[in-house]
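Build out the structure end to end from the sequences listed, making use of the hints.
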Amino acid sequence: MSTRDTENERIALLQGTLDLLILRTLLFGKEHGQGIARAIQALSGNELLVDHGSLYPALQRLEAKGLVTAEWGTSGNNRKARYYTLTPAGKKQLISETRQWERIVAAVARVLAAENPSG
Amino acid sequence: MWFRKRRDSDFDAEIESHILLEADRLVAEGMPPAEAEAAARRAFGNLTIAREKFFEGQRWLWFHQLGQDLRYGFRSLRKAPAFTAVVILTIALGVGANTGVFSLVDAVLLRALPVENPQELVFLETAGTAGPSGPPSYPGFSRLRDETTSFSGMAAFASDELRIEIDGRLEQVMGQATSGNYFQVLGLKPRLGRLMDAEDEKLAPAITVISERYWRRRFGEDPGVIGKSISIGRKTFTIVGVTPAEFFGLQPGSPVDITFPIDKNGELVKNSETLWLHGIIARLKPGASADAAQAEADSIYRSFMSTSRFPTDLIAKHWRHLQLLSAARGMDGLRRRFSKPLYALTGIAGLVQLLAIANVANLLLARGISRGREFAIRLAAGAGRTRIVRQLLTETLLLFCLGAVPGALLAGWGVRLIESLFRQGRRPITIEAGLNWRVLAFALVVTFLAGLISGLLPAWRAFRTDPERAIREGQERMSESRGSAMLAHGLVAFQVGLSLVLLVGAVAFVKTLASLRDVDLGFRTEEALTMSLRLPEGYTHAGPSIAVWNQALESVRRLPGVRAAALSIFTPLSGRDRGGLVRVRGYEPATTEDATIHFNHVSEGYFEVLGMSLLRGRLFTDRDAEGTTRVALINESAARKFFGDRDPIGESLEFRRTGGNITYRIVGVVRDTKHMNLREPSKRFAFLPLRQPRDVEQRVTLIVAPRTPNGEMKLLRPVRNGILSVDPRILISDVITIRSQVDSTLLTERLLSGLSSAFGLLAMVLASIGLYGVLSYRIGRQRLSIGIQMALGASPSFVAFNVLRQSGVVIVIGLIAGLPFAMVAARMADTMFWGVKASDPLIYIASAGLLAIVGIASAYLPARRAASIDPATALRHG
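Quick mapping for you: the protein sequence lines, in order, are chains A and B. The first sequence lines up with residues 85 to 203 when you count with the working numbering. The second sequence lines up with residues 15 to 892 when you count with the working numbering.
Source of the hints: derived by calculation from the structure; they are not laboratory data. Not one of these hints is a red herring.
Quick list of in silico lysine to aspartate or glutamate cross-link-like pairs, EDC-like style, CA-CA up to 20 Å: (1) A:K114 <-> A:E147; (2) B:K655 <-> B:E668; (3) A:K149 <-> B:D24; (4) B:K249 <-> B:D277; (5) A:K164 <-> B:E51; (6) B:K697 <-> B:D659; (7) B:K278 <-> B:D211; (8) A:K114 <-> B:E30; (9) A:K164 <-> B:D38; (10) A:K114 <-> B:D24; (11) A:K164 <-> B:D26; (12) B:K697 <-> B:D608; (13) A:K164 <-> B:E30; (14) B:K203 <-> B:E226; (15) B:K655 <-> B:E602; (16) B:K728 <-> B:D748; (17) B:K525 <-> B:E694; (18) A:K164 <-> B:D22; (19) A:K164 <-> B:D24; (20) B:K203 <-> B:E235.
Not close to chain A: a few residues of chain B, all C-beta gaps over 10 Å, as computed: (21) Q265; (22) C415; (23) A499; (24) L530; (25) L595; (26) P723; (27) I830; (28) A871.
Glycine included, each C-beta is placed from N, C-alpha and C at the ideal position.
Have a look at this one:
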């Protein structure tokens, strides 16, 4: 009924990245799912398209891990929405993951930019 | 956490709000509202996938999948009814055997007394070089109770079968006389009314307490029972209370019906030399050390015994010191008698369980391999490996739960059967081995563990399934791996080995029972009914008692259906016995023991009705009565002991007796008979005429032989009427045939031989099913290669022979591996055997031979199927 075991390996990277981006969007205050998706899209200059099918399970996961909390609230235009807030653990996680991300980016960049060692 | 943290509807609401927010944004950007929502929905993507992922993120998924696995399991089990039936039967056998045996072990060996802090309770008993021999007499108990300081309470009790009268009706009950503080020492609360206390020892008024069991059986739980009176002897006691339901007394197996205070001024208590108490129970003070308490009690006891009039050699042998014994589980008579047989049964049940596990594992493996393709497809379709393993384990546990239910029923039925076996005989043993929470917990744990163990192997194999290969190559090739064949054959060999151990035990126990049945008892066991007759109060002199017995005997002998009848105090193998000290001219006893002889009072006709043969001299006649010379018969053992080669006839036998010795003249010698036990050699016996008694007896045993074969039970009513016509107050009880009396002494042997052979045969059947299953399955898989073999010229008989040869190898390996274990097991049980030894090669040869024959027979059908494979069809269709 599912392909979780095999798929897990494939989405691991994406998942981690999406989690990081979600945490980052929540840094300045609470936001609902649609807002988070909009924010990621907007902040990435529309380069990153958020798959809604992954966004909500990701939020679910973050909530389960205690990195965000959620509560129902009312949006600016009077719609009911579920708002997510960063917890202290979530902030810590954001910092450490951001650092790791920077290291990866730097490392990958170094590799890509390197002269061909043999040539 | 099993329940879901968040409800589906909440998640749906969140997604709905997302879409509306997105639509709002699109409208704000200038899109017409009607299009905006549809566009937002499109942009969100597949709603179902989002929901599904949310759903899987929930922890209760586990539970949901379990439900799925169970449903799937049920379906796949229904598709293979033969497999399911065999597995469920196997499991039922394993779980049933273990639950049944455990409930017996629990009832007989483990259960603590249902009293307050049972671990603080101790029995005080005397012991000497010959081992323990009961508690000190009442005066000894009084001193111990008054002078010890280590105990918070000490109570004495003595039980006996009593003739009582309620509402003018006579009956026999198990009665117990106790010191007044008995129930306080135990810390029991009444079920109804009140229990006794120390004041009641004054017998003013005389009160009694009945057991809940007796209240239920005799009075139908009528609360009006309080205030009713019971006559015991010439005293009348008033019922004041009922003891709690779970309390049966301190002797497991013999529940007490009524309890009343010891009469401190009664005959028995006054006589300081009579060691008549049944037991002394005491409660250690909290924190008191058992060793210190024992030392204290022992020194008081020794000072008490220093004034005893018993011969010092007897004291050293039986009553030298006092010791404390844990009373947490009650008196240990039943435990001593049954611990070994029960341990043997536990071992047997454990082996049966191992065998059941091996059998189920093997069947599951075979099935798992044939389901290889199914798993491969599921894997390829994206199912996780863990999911498949879980599916398999769930199925196995489902099977075990399905098997455990008939298993528990089987156990319940078997235990009831065994309970009724225990209740037979002159001394019925009442055990309450029914289901309780401990037994149920045990059954659950056994079921679960067995399910896990037998499910692991198949699950492990499924875990290693490579979907690509499985699908590409198909199940045929997969199954041909050498590993799986080895494993299946190994499991069959393991089962054969276990069966050998069980069969050797069964053969030895069956042989034991058969040998004991062949033991020369010295008397006839056919067609005789015995019953106990007890005189009412008032017959304190020999004359009137003898007159009543004479009349009773005559009235019975006059009945048309009666061939012969006789009276005696007890009969052989009834569990009753009497001994006395004798003086014989020309024999110098070295010890007191040497001067003892067992004796019985019997009427004329006793030896004839029991078929005991006379070796020399003459038997008793009705002229051996008051006024003529007192005569006696002795048995061979007594003649040998006291007279050696001399002729005992005409010699005299002088019984030592308080109140004057009494001398009998020996007129004959009879053959030895077994008396207490079939395994022990015969004892020295003297037979004295009932009409020339050594002392007055209130209770005799009537032995009646019918004229027609098997007519003994039909005699019961006329015999009863005949006896009651002499005196309606005579109490008739303990009606039992001589044959069942002998049978009841073989209780443990019957139990062991019955259960071990049932389990042994079932084990053999299981092993054959295992072999049959593995062979059938393998031959099915090897159709193609067998077809090729035959196409290349192999004859059908060669193919069949090959199959048989393979199974022969497996069986022989199993037998060789099982043999040392069988020998060790037999050696452990050696003391329970009789007429056969653990070292007897015959029991191994017989068992191994039987197993080999049955094994080859179960390989015969698959072998024939292999031989009948048509090469053309096999090659064409694979």
